[in-house]
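Q: Once you have looked at the hints, place chain B on chain A.
As you go down the protein sequences, you meet chains A and B in turn. As numbered in the numbering used here, residues 1 to 581 make up the first sequence, in order. As numbered in the numbering used here, residues 1001 to 1176 make up the second sequence, in order.
Honestly, the hints are just simulated from the structure, not real lab data. Since the structure is predicted, the reported quantities are computational estimates derived from the model, not experimental observations. Here a beta-carbon is modelled for each residue, glycine too, at the ideal position from N, C-alpha and C. Hints are supplied without guarantee of correctness; some may be wrong.
To be verified - Listing some non-contacts, in silico: residues in chain B with all C-beta distances to chain A over 10 angstroms:
id, residue
1, 1009
2, 1016
3, 1023
4, 1024
5, 1076
6, 1080
7, 1124
8, 1136
9, 1143
10, 1150
11, 1159
Unchecked claim - Not the full set, but computed from the structure, chain A residues with beta-carbon under 7 angstroms of chain B:
id, residue
12, 93
13, 179
14, 182
15, 277
16, 306
17, 307
18, 310
19, 311
20, 312
21, 313
22, 457
Read off the chains here:
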Amino acid sequence: MNLSSAVVLVGVAADGWLLAFMAIRGRRPWLQSTFAACALSFLVVGAWFVGRNEGLLPPVPDNLVLGLMLLTHALAAILVLGLIHGEALPRRRAVTFLLLAPIPVLAYLAPLEGWTVATAYEGNVLGGFLVACLGIALGETIYARRASPMFATHAFWLSVGVIALIVAGPIYTYELEFIGRTPLAGANLAAPLALACFARVALQTDPFPISPRPAKGRTTAGGIREADAIVFDERRPKYALRTAEEEAASGRPTLIVSREPVKITTSDVTSASFAHDRNAALRTLTTVSEFLASAPGGFVVLEDPADLSALSGWRAVLEIAVRLRHVARDSGSTVVVCPSRLTAAELTALKALNLPWWPMADAATEIIAILAQSFGTGASRLFDSFCHAHGIRREDATTDHVHALQDFLTRALTELSAVVGGPAAHGLQVQYEAAASVLRSFASQGAVEIARGKWPSRRSSETDIELVVTAADYWKGKEMEELFAAADAVSEREPLFEKARLVFVEQLGDAGEGVLRTQLARLGKRPEELERTDLVRIADRATVDLGSLAEIVDVPQEKERIQQQIESIRQKLELIAEGEE
Amino acid sequence: MDGRLRALAIRSLFLFLLSLVLVAGFWYHREFYQIGFTNLLIIGGFVTFLVIWAARLAMTGELPRGRPSGELSFTLEEGDRLLKRVARSVVRPSEDLAAPSAGHVVRAKYETGTEFARLLIEDARRAFLSDLTDEDARQAGFRSASDLREAGTSRWRWHPADVVTILRVRALGGSR
Chain A
1 MNLSSAVVLV
11 GVAADGWLLA
21 FMAIRGRRPW
31 LQSTFAACAL
41 SFLVVGAWFV
51 GRNEGLLPPV
61 PDNLVLGLML
71 LTHALAAILV
81 LGLIHGEALP
91 RRRAVTFLLL
101 APIPVLAYLA
111 PLEGWTVATA
121 YEGNVLGGFL
131 VACLGIALGE
141 TIYARRASPM
151 FATHAFWLSV
161 GVIALIVAGP
171 IYTYELEFIG
181 RTPLAGANLA
191 APLALACFAR
201 VALQTDPFPI
211 SPRPAKGRTT
221 AGGIREADAI
231 VFDERRPKYA
241 LRTAEEEAAS
251 GRPTLIVSRE
261 PVKITTSDVT
271 SASFAHDRNA
281 ALRTLTTVSE
291 FLASAPGGFV
301 VLEDPADLSA
311 LSGWRAVLEI
321 AVRLRHVARD
331 SGSTVVVCPS
341 RLTAAELTAL
351 KALNLPWWPM
361 ADAATEIIAI
371 LAQSFGTGAS
381 RLFDSFCHAH
391 GIRREDATTD
401 HVHALQDFLT
411 RALTELSAVV
421 GGPAAHGLQV
431 QYEAAASVLR
441 SFASQGAVEI
451 ARGKWPSRRS
461 SETDIELVVT
471 AADYWKGKEM
481 EELFAAADAV
491 SEREPLFEKA
501 RLVFVEQLGD
511 AGEGVLRTQL
521 ARLGKRPEEL
531 ERTDLVRIAD
541 RATVDLGSLA
551 EIVDVPQEKE
561 RIQQQIESIR
571 QKLELIAEGE
581 E
Chain B
1001 MDGRLRALAI
1011 RSLFLFLLSL
1021 VLVAGFWYHR
1031 EFYQIGFTNL
1041 LIIGGFVTFL
1051 VIWAARLAMT
1061 GELPRGRPSG
1071 ELSFTLEEGD
1081 RLLKRVARSV
1091 VRPSEDLAAP
1101 SAGHVVRAKY
1111 ETGTEFARLL
1121 IEDARRAFLS
1131 DLTDEDARQA
1141 GFRSASDLRE
1151 AGTSRWRWHP
1161 ADVVTILRVR
1171 ALGGSR
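Looking at chain A on its own, in the form it has when it is part of the complex (with noise of 0.2 angstroms):
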C-alpha cells in the first residue's frame, strides 16, 4: 500500500469515528443528519480512492465519484452554514440545501464537457462551483467572526476547518499537478480535521438538556400573544415566572432557561439549566430555538441573562436578545427577558435595543400599599409580622403569598377580637375585609394587567394620606396598636404546621402537602399536635424518602433539582424548629 492511500485510509477511519462520534453526542437531529452525509461522502470517496488505488475495487464511474466530490464540497458549505445560523428555523435552513442544486447539472454536463475527477480543480464551470462551495463556507466563518462576539471562538475552530479542505483540496491538487504526480482524485486528506473542527463547534454550541420535552407543533394558545422579545422589569423576576406557569397551564409550550434547575413543579413546564461555562450564552441561544423550532408559538423565559453576562460577556446576551426577537417573530413565539441582577450600564445598553419594556410591580411593595389603606403606617409592621411568621424575606414575598396573608390577617383578627369587642372590632373586620378584597383583586392580576401600571403604591400614593388619617381617627390609634401587638403574637404561635406546609408547597407544589401530611402520619400525629422535635424528624425522613426518589432517577438535571429541593425542604424545617427554641 502506498503512502497516499495509508495516508487516506486512516481519514477514512477517522471520519467514520467522526460520523458515530456526532451522532452519538449530538442534540439537533438536522444537524447531525447534515454532519452525516457530509462525513459520508467524505468518507465514501476516501474509500473509493484507496480501493481504486489498491486494486480492491472494481471500476466506478468516473461520474459516480464526480458527484459524490460535488456533494463533499457542498455539504461541507450546508454544513459550516448550518453551525454558524444554526438557531434559524427550519425554513431558513432549506435556503442552505439550495447548494446541492447545480449537483445534478454539473454531474449531467460532466461528459459532455470531459470534466473528470482528476482536472476537478480546473479554470471551468465545475471548478469554480468547488471553489466557490468552499469560498462561501471561508466568508461566512470570516464575516461570523468579526460580526459576532459570541460566535467568535467557534468562527475561529471553522475557518481552520474550512482553509484545512482548501490547502489539501484544489492546492494540494495545483501543487500535485505542478510537479507533474498524479492528484488524489476526490479524497481530501484534511476532511478529518475539517470534520473534527465542525464537530467541535457543533458540541460545543449543542442545546441544553431539556425535560420533559414539549409536544410539537404549532400552538395559539395563552394568555401573551406578543410575537416579540419582551422585557419583564421586576428587581427579582416573580411575574415572569408565574406567567410562565399560567401560560404552561392553558397549554402552552413553555421554556424556562435559568441557571439552577427551576423550582417550578409544574410538570408542563418545560426546563433547561445551562453550563457554567464560556458558551452558556451561545447553547441558550440554540436551546430557545431548537425549542421554538420544534413548538412554534411557545413562550420562553431567560430567567437569569445577568449570569450569562457574568460568563460569555454581555456583548454576547446582548446579541442573543437580538436574535431572539427575530426567532420570536418568525415562530409566532414569545421571549422574556428578565434583567433582574443587571448592571445599569447593561440595563442601559438592554433598553437601547427598543425591546418592548413591561414594569412589573413588587409584589411586597404593593401588598403593603394594600394594607396601608386600611392599616395605615403600620402596613409594614403588620407585613414584616407576617413573613417572620412564615419564614420568608420581604423580597421573597409574591403574589402567591396572599392566600396565607388573609389566612393570618385572619387569626390576628380573632386574637385581637378577645380583647377588642363591640363596633371596634366589627370595625376593624370590615377594614380587614376591604384589605382582603384588594389583596384579591391584586394576586389575580396577571403581568398583562400589571404592566399598564395601575398598582396599588401608585394609587394609593394619591389616597392612603386621607384613609390613614380616617383609619386612625376612628381607632384612635389604640386598636391599631393592639391588632399589631396582636398580629405580633400570631407570628409567634403561627401553627407549625401551617409553616411546614408552606415550605413543602413551595417546593414540590400541591404535591407537598400530601408529602408532609404523609409524613405526619408516619408519626402517628395530627397536624395541631405538631412539635419543633418532630420537624427535624420530618426533614431527616423527608431527606431519605426524597432521596430515594431522586436516586432512581436518571435526567442529572432533574436529579440535581430534586436533591436541591431536599436541601431547601431541610433547611427551612431546621431554621423553622430553631426560631422556635
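A: Only chain B this time, still in chain A's reference frame:
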C-alpha cells in the same frame, strides 16, 4: 514537579513536535520547493513566521487560553488565601467590574499594583448581596456571610440591595 517547570516542559515539547512537523513538511514537499529560491523564501518564510509566532505565544503562557484580560486587586490577606487555595472564589461588586468572562485569564494584583498571579475564571455568577450564603462566604475565604458583607461594606460601602459577582477562580502559576 513544580507547576511552572511542568508547564515549561509541555510547551517545549509542543514546540519540538511542531518543529518536527515543519521539517517533515519541507521534506515531503521537497520537489515542490525545487521550483526556485523565491518560492522557498516566501512559503518557507511564512511557515517559519507562524512557528515563531506560535512559539512566542506558547512560551509566554498565552496558549491555549489567550492573553490575560482585565485585573482584580486584592489585599495581601485575600491574595494569600487564593495562592494557598484556602479561598476558591472572589466576590466583587458587579458595577464597574473589569473581569473577563468564564474561561479567560485575569491578572491578580495586590492593591500596591504588584501582579502576584494569573487567575483562570472557572465560573461566574451574580447575586444580590442579601442572597449570599455562608457557603459562598466560605468559598471566598470568610467564616460566614455576615463576615463577608462586613468586609465588603468597609471596602466598597455596599448595601444589601447591591449586586455582586462571584467568580470561581484557579491560580495558574506564580508571579510573572
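Q: Name the hints, by number, that the structure is in violation of.
A: Of the numbered hints given earlier, those the structure breaks are 7, 12, 14, 22, listed in rising order.
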